[in-house]
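Undergrad: Single-letter residue listing:
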Amino acid sequence: MNVYATEYKEDYGKAVELIDVEAGYKDIPVLKNVNLSVDLGRKIAIMGRSGTGKTTLLKVIAGLLKPWRGEVKIFDEDIYLNGRRLDGKIAYIPQNIGLIGGETVLYNVLMAKASRKPVNFLTGIWDKEDIRRAKEILDSVGLGDKILERVDRLSGGEGQRVAIARAMFQEAGVILADEPVSNLDFDTAEKILEILTKLSEEGVSIIAIMHDRHLAVKYFDEIYVMEDGSLVRRA
Amino acid sequence: MRILTISTAISIAIAASLGLLTPNVWIQAAKNLATFSTYLGIDTSLVYEATIVAWETLVMSVFGVSVGTILSYILSPLATPVISSTPISMPIRTLANSIRAIPAIFWAIFFVILVGPGPKAGALALAVYTTGYLTKFFYETLESSDIELVNSLRVMGLKGILLASALYTNMRKQVISNIFFMLEYNIRSAAILGFVGAGGVGYYILQYISLLDYVAVTTYILITILFVIAIDMISYGIRSRI
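Protein chains in written order, with our numbering: chain B, 1 to 235; chain Z, 1 to 242.
Check each hint, because a few of them may be wrong.
As the list claims (entries may be wrong) - Only pairs whose alpha carbons sit at most 20 angstroms apart, straight line, appear in this in silico PhoX-like list of lysine-lysine:
#1 B:LYS135 / B:LYS198
#2 B:LYS135 / B:LYS146
#3 Z:LYS159 / B:LYS117
#4 Z:LYS159 / B:LYS66
#5 Z:LYS136 / Z:LYS173
As the list claims (entries may be wrong) - Covered stretches of chain Z, going by a simulated chain B footprint (3 or more residues, C-beta under 8 angstroms):
#6 88-99
#7 157-170
What the hints assert, rightly or not - Per label pair, the in silico range of CB-to-CB distance:
#8 B:ILE19 / Z:ILE102: 51 to 61 angstroms
#9 B:ILE19 / Z:ILE70: 39 to 49 angstroms
#10 Z:ILE70 / B:ARG150: 18 to 28 angstroms
#11 Z:ILE238 / B:LYS66: 34 to 44 angstroms
#12 B:ARG150 / Z:LEU40: 43 to 53 angstroms
The hints are simulated quantities; they were obtained by calculation from the structure and are not laboratory data.
These numbers were taken from a predicted model, which means no experiment stands behind them.
Beta carbons are placed, not taken as given, at the ideal position from N, Cα and C, and that holds for glycine.
Isolated chain B, as found in the complex:
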C-alpha cells in the first residue's frame, strides 16, 4: 500500500498542482501559462501532437526542469522553492522505460529504495522484508515468475510492468508515464492500463502521455490536450 495514498491522504489536498507555469529550453518557450490540478488517485491523460510540450510538462512536474515562472506543487510542497528536491515521491517512466540493462527484474525493482537504503543498494545485500515486498509487487503485476530474468530479455509490455512495479516499490504517490503503451499491442496496452487503474484505486495519481484516444477515454478520469504549449481540458 502506498504511503502517500493511505497514511497522509487527509493531509494532502492535491497530489499535483501547477499554477501559471511557463517553461522552456534556453530562450525557447514551450509551456505557456499551464494550470493543472490533480487529486489523489486520479488518472490524467495528456494528449496532443508531437512537439507541443507534453514531455516538457512531465519533466517540469518530475522536478527535472525548473519553470521560468509559476509554481509546481507536489503534495502541497513547491518542489522548486528552495532548490530542486527529488525525493522519490514521484516516479518517472520515460518513453524508453529507463531500466538498468543487463540486470534482473528484481534488481530493477529493489533499486527504487536506493536513496533510502544506500548501503543495501551499493552492497547488493537487501533485507528479507524488502525482497519479500518486491516479489509480492512483481506477483501483482504478473511478473512473479520472471524475477531473475534480465530486463533486456523482456518484451516491451513486461519491461513497462517492471517500471510500474519499481514505482510501486518506491511507494511513489505520483506516477508520470511518457507514452506507456505507445509501442504495445492492444491487449498488452490494456493490461498495463488496468494495472495503472488498480494503482489509482489505491490512491496513486497517474499522469500519462497517451496517443490512443480510445484507450484514454476508457481508462482515464480526465483528458487534457496540449496545444501550442497550453493545456486544455477536454470533456
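Knowing the structure of chain B, use the given hints to seat chain Z on it.
TA: Just chain Z now, with coordinates in the frame of chain B:
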C-alpha cells in the same frame, strides 16, 4: 571513407618527410633484420624464472588496476557535470588529465624515491597512472548514459555515488572492458618500469640487454606476451558472459 582518405594522405606526407618512402631504407632494414634475427631465440632454462618475474609484473598490474578502479569509481561521478557540478567537475578532470600527462615511468621514478626500488614502487606508480586513465574512461562512460535513464533515476531520488553506481551497472560491459584494457596496458607498462628499478620484468630485460643476451631478452618478452594474451582471453570470456 573520408577519415581513411585523410589518414592516408597524412601518413604518406609524413612518411615522405621522414624519408620512409626511400627504397634503400627498407633494403637496409631487411638486411639488419636478417642479422638481428640470428641473435634471437628461446632459452628454456630461463622460462621458469621469466614466468615468476612475469607473475610479479602481473601482481603489480592487478594492484594498480584494483586501486585505480576504486579511486576512479569515486572520482568519476565528481568529474561528470550531470551528476556533480561544473565547479567540482573541472578540477577533478584537470587532476585526471595531469596524472595522465605524466608517463608511468616518471611516476615509477617518483615512487622509487619515496618507497625505494622494487615492486612496491611499480605497484604504486601503476595505481596512480591507472586512476588518471580510468577516471577519464569512467566519466566518459557516465556522460554517454541515456539521458532518459538518468532522468528517471534522478526523479527516484538517486544522486552522487548512488546515481553513478546505477549508471555503471547499466554500462558495466564497457566499464569491465575499460578495466581489462588497463590491466593489459599496465602489464606492458610494468615491463618498462623495471628500467628505473620499480620491479617487474623490465629490470631483468634491461640487465640482459646490457649483457647483449638477446636470447634471454626474447624469452622474457615472449613470456610477457603470453601473459597479455591470457589476460585478453580472460577479459573476452568475462565480457561475453555479461
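Undergrad: State for each hint whether it applies.
TA: Verification of the supplied hints:
1. B:LYS135 / B:LYS198: Within the cut-off at roughly 18 angstroms; holds.
2. B:LYS135 / B:LYS146: At roughly 10 angstroms apart (the allowed maximum being 20 angstroms), LYS146 of chain B and LYS135 of chain B satisfy the hint.
3. Z:LYS159 / B:LYS117: holds, 13 angstroms
4. Z:LYS159 / B:LYS66: holds, 18 angstroms
5. Z:LYS136 / Z:LYS173: The hint holds at about 16 angstroms.
6. 88-99: violated (count 0)
7. 157-170: With 9 residues close enough to chain B, the hint holds.
8. B:ILE19 / Z:ILE102: 51 to 61 angstroms: holds, 56 angstroms
9. B:ILE19 / Z:ILE70: 39 to 49 angstroms: Roughly 47 angstroms apart at Cβ, these two residues keep to the hinted range, so it holds.
10. Z:ILE70 / B:ARG150: 18 to 28 angstroms: holds, 27 angstroms
11. Z:ILE238 / B:LYS66: 34 to 44 angstroms: holds, 43 angstroms
12. B:ARG150 / Z:LEU40: 43 to 53 angstroms: Given a distance of about 49 angstroms, which is inside 43 to 53 angstroms, the answer is holds.
The earlier numbered hint that this structure contradicts is number 6, and it is the only one.
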